[in-house]
Amino acid sequence: ILAAVNKQSEGESLEYVLEPMKAVDDQLIEEYVSRFTKGTRQWAFDAFDTWCLADLKHRVYVLMAGAGVGKTGILSKLARDRLDIVVAYHFCRHDDPRRSDPIRMLCSLAYQLASSFPTYKEALVALKLTRKEIKEFNVNSLFNHLFIGPLGNMDEQKGRRVILIDALDECDHGGTNNILKCIRDHFDQLPKWIGVYVTTRPENPITEKLKKFHPTELLPEDQNNLNDVKIYFEGLLNEVASDSMKNNAEEMTKGVNVLVTK
Numbered sequence: 385i386l387a388a389v390n391k392q393s394e395g396e397s398l399e400y401v402l403e404p405m406k407a408v409d410d411q412l413i414e415e416y417v418s419r420f421t422k423g424t425r426q427w428a429f430d431a432f433d434t435w436c437l438a439d440l441k442h443r444v445y446v447l448m449a450g451a452g453v454g455k456t457g458i459l460s461k462l463a464r465d466r467l468d469i470v471v472a473y474h475f476c477r478h479d480d481p482r483r484s485d486p487i488r489m490l491c492s493l494a495y496q497l498a499s500s501f502p503t504y505k506e507a508l509v510a511l512k513l514t515r516k517e518i519k520e521f522n523v524n525s526l527f528n529h530l531f532i533g534p535l536g537n538m539d540e541q542k543g544r545r546v547i548l549i550d551a552l553d554e555c556d557h558g559g560t561n562n563i564l565k566c567i568r569d570h571f572d573q574l575p576k577w578i579g580v581y582v583t584t585r586p587e588n589p590i591t592e593k594l595k596k597f598h599p600t601e602l603l604p605e606d607q608n609n610l611n612d613v614k615i616y617f618e619g620l621l622n623e624v625a626s627d628s629m630k631n632n633a634e635e636m637t638k639g640v641n642v643l644v645t646k
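Heads up: the sequence shown begins at 385 in this note's numbering, then just goes up one per residue.
Careful, some of the hints might be misleading.
Said to hold, decoys possible - Cβ pair distances, simulated, as ranges:
hint, residue 1, residue 2, range
1, THR514, LEU643, 54 to 60 Å
2, PHE429, ASP569, 27 to 33 Å
3, ASP539, LYS441, 18 to 24 Å
4, LYS593, ASN522, 37 to 43 Å
5, GLN607, THR514, 51 to 57 Å
6, LYS565, MET629, 51 to 57 Å
Unchecked claim - Below 20 Å or equal to it, Euclidean Cα-Cα: the simulated EDC-like pairs (lysine to aspartate or glutamate) are:
hint, residue 1, residue 2
7, LYS461, GLU415
8, LYS505, ASP465
9, LYS422, GLU623
10, LYS516, GLU399
11, LYS422, ASP465
12, LYS593, ASP553
Hints in this document: simulated from the structure, not taken from any laboratory. Since the model is a prediction, treat every value here as computed from it, not as a measurement. Where a beta carbon is used, it is the ideal one built from N, C-alpha and C, also for glycine.
Kindly produce the complete structure, drawing on both the sequences and the hints.
Quick look at the structure:
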């Protein structure tokens, strides 16, 4: 009983110190998954799976796309459908200061990793960090404390594990994006078995600072995107079109093509 109490106390202490954002992100994920159109973005999921199997020079994968193309939807589906691979996630938002704070992001990611890896959790608990101490760290020192040391002492994992970070562009304040700098300068130091999948709009200076990771850009006119838009409108017309239109394959095809073009 005493061991169980101590274990619970340690878990609560770690949660109090690191203040994870996972519960907030889970609400956002469920919202996007509920709106997701089945059959779309398969090309993105296939690319993710291929990347996970690759021998990476850089552990960071960057998906760039404009507003409204569906970056958050892709990450939300990965978070729910790749539970054996995705071990942590963070969704940046310009209207939530907590989500654009690199210290809060690092703490939240560390807590989620601790939930998946008991050895890593023990290493964090052994640090005996306090919330006050956390606030006194800069990004560099906190990254070293929470990740480089504790993860470096872990055994090599079988298969890649992935951290997801969404909407990196929404963390820019007054021309400064500390999360962007943190990813560019530090995330390549993570163990080889950990990958980081990032989404952002293709904006300078983001594009310039992340060019070493050779970002993949999704353009609205890209054929993969057009095919997904077609699937969406096919489903929509099947719900709202008249019976006479549904029974006319030529009219249905014409209607879908018009909507895709618009």
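How the hints compare with the structure:
| no. | hint | verdict |
| --- | --- | --- |
| 1 | THR514 <-> LEU643: 54 to 60 Å | holds (56 Å) |
| 2 | PHE429 <-> ASP569: 27 to 33 Å | holds (29 Å) |
| 3 | ASP539 <-> LYS441: 18 to 24 Å | holds (23 Å) |
| 4 | LYS593 <-> ASN522: 37 to 43 Å | violated (19 Å) |
| 5 | GLN607 <-> THR514: 51 to 57 Å | holds (53 Å) |
| 6 | LYS565 <-> MET629: 51 to 57 Å | holds (53 Å) |
| 7 | LYS461 <-> GLU415 | holds (11 Å) |
| 8 | LYS505 <-> ASP465 | violated (24 Å) |
| 9 | LYS422 <-> GLU623 | holds (14 Å) |
| 10 | LYS516 <-> GLU399 | holds (14 Å) |
| 11 | LYS422 <-> ASP465 | holds (13 Å) |
| 12 | LYS593 <-> ASP553 | holds (12 Å) |
Violation of the numbered hints given earlier is confined to hints 4 and 8; the remaining hints are satisfied by the structure.
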